[in-house]
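All chains should be built: construct the whole structure from the sequences, respecting the hints.
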Amino acid sequence: MADRASALLGHYHPGKSGAPGVQGVPGVFLQEIHDLVLHQVSAWPDTVDEVGRTAVNAIGGKSVPGPCLAEEGPDAALLRIEPLKWWVVGAEAPGMAAEQGTTLDLSHSRTHIRITGEESVSLLNRHLPVDLRGKAFAVGSVASTVFHHVGVTVWHSSNGYELFLPRGFALSLWELLVETAQQFGLEVV
Amino acid sequence: MNAKRLPEGGLIDRSKPLWFTWDGKDISGFAGDTLASALLAHGEGVLGRSFKYHRPRGIMSAGVEESGALVTVGEGNRTEPNVKATTQELYSGLVVSGQNAWPNVRFDVGAVNSLFNRFFAAGFYYKTFMGPPLRGRGNGTGVWMQFEKLIRKAAGMGRASREADPDTYEHGHLFCDVLVVGSGPAGLSAARTAAGAGLDVVLVEQDFELGGDWLNHGDKSSREKRLGLLAEVEKAGVRTMTRTTVFGLYDCGTAGLYERVADHVSRPESSHPRHRFWTLRARHTIVATGALERMFAFGNNDRPGVMNVNAGRAYLNRYGVLPGEKIVVATNNDSAYLAAVELSRAGAEVSILETRTTISSQLMRQAGKAEVSLSTRSAPMNVRGSRAVTGLDLAVTAHSGWVAKGSEPCDLLLVSGGWSPVVHLLSHRGVKPVWNPAQACFLPGETSEAIQMAGSAAGIWNTRDCLVSGHAAGARAAKALGCDLPQVEAPVAGGWKSAIEPVYEISVPTGKQKCFVDPQHDVTADDIRLAHREGFVSVEHLKRYTTLGMATDGGKVGNVIGLALMADALGKEIPEVGTTTFRPPYTPVSLGALRGRNVDEHFRPLRRTPMHNWNLEHGATMTMAGLWHRPWYFARSGEGLSEAYVRETETTRASVGLCDVTSLGKIAIQGPDATEFLNRIYTNPFAKLPIGKARYGIMLRDDGLVMDDGTTWRLSETDYFMTTTTAHAAKVMAWLEELLQTRWQDLKVAVTSVSEQWAGSAVAGPRSRDVLAACVEDPSVMENEVFPFMGVIESVLQGGVPCRIARISFSGEMAFEVYVPSDYGPAMMDMLWEQARSAGGCLYGLEALGAMRIEKGHVTGAELDGRVSIDDAGLGKMASPNKSFIGSVLRKRPELLREDRPCLVGIKPRDPGETFNAGSILCEKDKVSGMGEGWITAVTHSPALGHWIGLGFIRGGHEGWTGKTLVAADPVRKGNIDVEVISPHMYDPDGERMHG
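Residue numbers (my numbering), protein chains in the order written: chain A, 1 to 189; chain B, 1 to 996.
No lab work stands behind these hints: they were computed from the structure.
The reader is advised that the hints may include incorrect statements.
List of simulated lysine-lysine pairs, BS3-like, C-alpha gap at most 25 Å [stated by the list, open to error]: (1) B/Lys220 x B/Lys235; (2) A/Lys135 x A/Lys62; (3) B/Lys4 x B/Lys16; (4) B/Lys512 x B/Lys405; (5) A/Lys135 x B/Lys731; (6) A/Lys135 x B/Lys235; (7) B/Lys326 x B/Lys4; (8) B/Lys688 x B/Lys883; (9) B/Lys326 x A/Lys85.
Reference listing, derived: stretches of chain A covered by chain B, where coverage requires no fewer than 3 residues with Cβ under 8 Å from a Cβ of chain B [claimed, not checked]: (10) 20-32; (11) 38-45; (12) 57-65; (13) 158-164.
Some, not all, of what chain A presents toward chain B, calculated at C-beta under 7 Å [stated by the list, open to error]: (14) Met1; (15) Ala2; (16) Arg4; (17) Ala5; (18) Glu92; (19) Met96; (20) Glu99; (21) Gln100; (22) His108; (23) Arg133; (24) Gly134; (25) Ser141; (26) Ser144; (27) Thr145; (28) Val188.
The beta-carbon is built from N, C-alpha and C at its ideal position, and this holds for glycine as well.
So this is what it looks like as structure tokens:
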């Protein structure tokens, strides 16, 4: 099959730029996670618990994440992104009868950026009006928020901060991230 | 003014000299200086010229309330006018120049204005130039238009650079439990207490040093206390921000912050912004913004060498500058005495003019001990000297006011007319300050919001009480946020030994000098009285008539005096006159900070299709369609827009064309009730749409007017794929969500935007099927019998790329829309283009797309503009009479059933060689006036018809106008063009080509 073309193709330049950082360590690391596998699982009001359990089983997680929370399994994660919707990141959606809920492939709809480094929150809060302080947005937190007028999803995973940008806006937002991160010292991984 | 730098003392770093230029002259200062303190240390007296009269002005304060020393900083594209020298941190290489003066502020030709000052009272311009006709020379407004240019040249402040700003700016968001504004004793104390209780505290200070009023204290004990508290604050984990102003308070604990990241260096580091605009959200806010010292009005009280008392103290103790040799301190309150004593001990000859009759014995002793002479019942009446203070004419109180009595030489006059708590931030929340006659100031009013005022911002005048006040505020904040902390009583306003005497003006019956109330805008005491005589007695009218409080200091210096003088003129008390409402920003905010990174290409978020690069590589000229960048046309060598789109249209109709249609809105509609849902939102029936078929649908708003149109494809029993117009994609998505979440919660339907998931291309023209058949792995799926008009298939392109294809047409030709997951967009285009090119086809853009749809009479957002009913658009047959749908009731209201409503029509020029513009008004031939009979929405050259055509609306539709000549009136562009109205279906009206 043809290769998947990233929205950042031609604009993704690994390497260091900007301020030197602290002791040579950049404050921010940005990484595009290629070939995103993302499926949406929707439930009906009377099947939320059942669908949640089905979905969390599919990723090998333990508990069904509540609103604005995520559960990580060995290879995939489940993000509660709306009252009746989850995202399965990194795995196929479980099969489901229409009376139970629906699933939808959104793998090409988002560009997945991972942000790590000491200044991750500083960088994100230059754009995202969400309280990302440690207690308010601990590992396992998810928020639907806005980035330069564009609706985005941010998830604090065990690997860092994961940004899901609508594909059409991804390059424009990526440019802003790179430009803003210069002051902290940036390494594109 | 014989100011000089003292050999020691102050908080400046004498080991770090800094060189800067003032009007081309090289001058040095030290790290820790402000521009004002460095200039003062060099005896520079005249630093500015006043707004209207071009009077010489010098340093009047040591802070944000500065009205005299306004200068221009920087050069070229980094020129910043109207900078207060008192807040500009000194740095090496700083370039400063005077403003509003020629050739310079010391010898300003514009000072001739002062000779005519009796004519320049409040309202002078308007009364003189905007009145009735001037001796028959045209009317007043016309005269004003001429004089305005001259007046604008003569009056004013600094000039901004016309070059583009080279610096970057940014926005940011902050969150905390407690925001403390101001780092004086009260603010530091509040921050320490709140942070000590475990709360997340942000402390914001506009200065480059923390400490507030403590920075102006000269004693060792104050310095030790400041440093001790700073260490505690740091240890408690308080996040401190210096060079940052909380310029406004807004709803729910939101504060606007303006951070000057790089105004203390000659240019920002390459990766840093110059300014930041922060939005801070706090659960609790403590406002410890201090108080500002007022002057009072007397003759020539604006001369260089007149400043407030606290400024004198600041220059001495913070900057190590003795601001004068023979200093007179004029006061009506206790606060001036310590400064007088300190200045005397530093080597100046100091005398105090005290308006009160008696003061506390303690103050008298202090003054005496420091060899400060004291005259009670005395005040300055007039300042002698023009470019510098040389002496004072004095006045003393008599039984009916002030009378002149003697004079005194001096080189510096320090004035304290009382203190005004900085209640601005609370005022932003709509809380009116309350006049306190005992303290002669406005105190903060009560608020039910989580905001507290602490320290001298609450009218507390001594440092010890300010510390308690801050601690009490911190403890209350902690308690409000759930921390168990012992509470302490906050001190009440006050703190002086003897009461202040309310004095706002020293006027003697014979005095004719200008007494300034608001020096920055040249508003005098006489202007206030003039406003009163002319009836502008409301405080809001007073402000607008005289411009009192309108300059960059926002009334910090003059408002209370202005109110007091108006109250006096009205024979009322100050609270009866009221106070002007302080509005954000507290101090000026750069436009750059407000714009942040939303500039140039990032002015709006830019939306690219997955084929963006592919289109560019294949010669696309792009255009904006909403936020999308879309191909406009694909010019070949020697072609412009017109040649390109005509060729693209002709090629598509003759063989095949490809067009990136990714920007169309796409919505997945899923669930057991999806069919019922669609049947309710579309006007036409959807209940029996077979799987594998698409249907064109129109949706109305509740009011019966058309919202949007598009096709919806049935993929399975419970899965649909809806397309919307590019323009209305987000609106339709939000509308569907609203319906499901509010009206039809019982429907089991999930709607999800999949606009970003799918990349789409139109394949249009007689050879379109051949092109696609060569691209899919199984060509048999493309055969006419299995894939009829409005058919839908899910298939696989060569190489295993999954796709969905519908046979639908916007162009009027046999056409398909093919979608693949977005990351495969470029691969799809490669495949399609290889086939299309060999079939003699072309790529086409938005212009050709528009031309073909206009030929066909297909509507888009240009026609569906929110005023159009389904019948107006000529699609009334699509409204099912057999079912209810959104808008089905209100589309039948009488207004929408009127037969003379404007209906969709085609338009062509009477002369086939003519053209006309979209936006033209359609009028009857001899009645080119008013609203006309209709309007034109879209125009193009029609390659198929060989002449210009358009779409539009006209009263009653095209039948009634057949054969008549109308006028397309375009008065501001093209003029009047004779046109004819025809059916909107101008090309292949029976759709034979589409079904072919």
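Cross-check of the supplied hints:
Between B/Lys220 and B/Lys235 the CA atoms are separated by roughly 23 Å; this keeps the pair inside 25 Å, and the hint holds. Restraint check: the Cα-Cα separation between A/Lys135 and A/Lys62 comes to about 22 Å, which is no more than 25 Å; the hinted pair holds. With a CA separation close to 18 Å, the supplied pair B/Lys4 and B/Lys16 stays within the 25 Å bound. Between B/Lys512 and B/Lys405, the direct Cα distance comes to roughly 16 Å. Compliance with the 25 Å bound is thereby established for this hinted pair.
With a CA separation close to 36 Å, the supplied pair A/Lys135 and B/Lys731 exceeds the 25 Å bound. Distance hint between A/Lys135 and B/Lys235 is fulfilled; the C-alpha atoms sit about 20 Å from each other, no more than 25 Å. Restraint check: the Cα-Cα separation between B/Lys326 and B/Lys4 comes to about 12 Å, which is no more than 25 Å; the hinted pair holds. Annotation: proposed proximity of B/Lys688 to B/Lys883 holds, straight-line Cα distance about 13 Å (limit 25 Å).
Distance check on the hinted pair: B/Lys326 and A/Lys85 sit about 78 Å apart at the alpha-carbon level, beyond 25 Å; violated. Figure legend: the region 20-32 of chain A, annotated as covered by chain B; annotation inconsistent (0 residues with Cβ-Cβ distances under 8 Å, at least 3 required). Note: the region 38-45 of chain A has 4 residues with beta-carbon separation from chain B under 8 Å; the three-residue rule is met and the coverage holds. Taking a C-beta to C-beta cut-off of 8 Å, the region 57-65 of chain A contributes 0 residues in contact with chain B, too few for the three needed, and the coverage statement is violated.
Counting residues of the region 158-164 of chain A whose CB lies closer than 8 Å to any CB of chain B gives 0, so the stated coverage by that chain is violated, three being the minimum. The interface hint given for A/Met1 holds, since its Cβ lies 4 Å from the closest Cβ of chain B, which is under the 7 Å cut-off. For the restraint placing A/Ala2 at the interface with chain B, the shortest Cβ-Cβ distance is roughly 4 Å, inside the 7 Å limit, so the hint holds. The interface hint given for A/Arg4 holds, since its Cβ lies 4 Å from the closest Cβ of chain B, which is under the 7 Å cut-off.
For A/Ala5, the shortest C-beta to C-beta distance to chain B is roughly 5 Å, which falls under 7 Å, so the interface hint holds. Annotation: interface hint on A/Glu92 violated; nearest CB of chain B at approximately 14 Å, more than 7 Å. Nearest Cβ of chain B to the Cβ of A/Met96: about 11 Å, over the 7 Å cut. The hint is violated. Look at A/Glu99: its Cβ gets to within about 6 Å of chain B, closer than 7 Å, so that hint holds up.
Interface restraint check: A/Gln100 against chain B, minimum CB-CB distance 10 Å, threshold 7 Å, status violated. Nearest Cβ of chain B to the Cβ of A/His108: about 4 Å, under the 7 Å cut. The hint holds. At about 6 Å, the closest approach between the beta carbon of A/Arg133 and any beta carbon in chain B falls short of 7 Å, and the interface hint on this residue holds. With a cut of 7 Å, the hint placing A/Gly134 at the interface with chain B is violated, because the nearest CB-to-CB distance is about 10 Å.
Given hint, A/Ser141 at the interface with chain B, is violated; its Cβ is 14 Å from that chain's nearest Cβ, farther than 7 Å. Hint status for A/Ser144 relative to chain B: violated, with the closest Cβ pair at about 13 Å, above 7 Å. Taking 7 Å as the C-beta cut-off, the interface hint given for A/Thr145 is violated, the closest approach to chain B being about 10 Å. Nearest Cβ of chain B to the Cβ of A/Val188: about 15 Å, over the 7 Å cut. The hint is violated.
This entry does not satisfy hints 5, 9, 10, 12, 13, 18, 19, 21, 24, 25, 26, 27, 28, going by the numbered hints stated previously.
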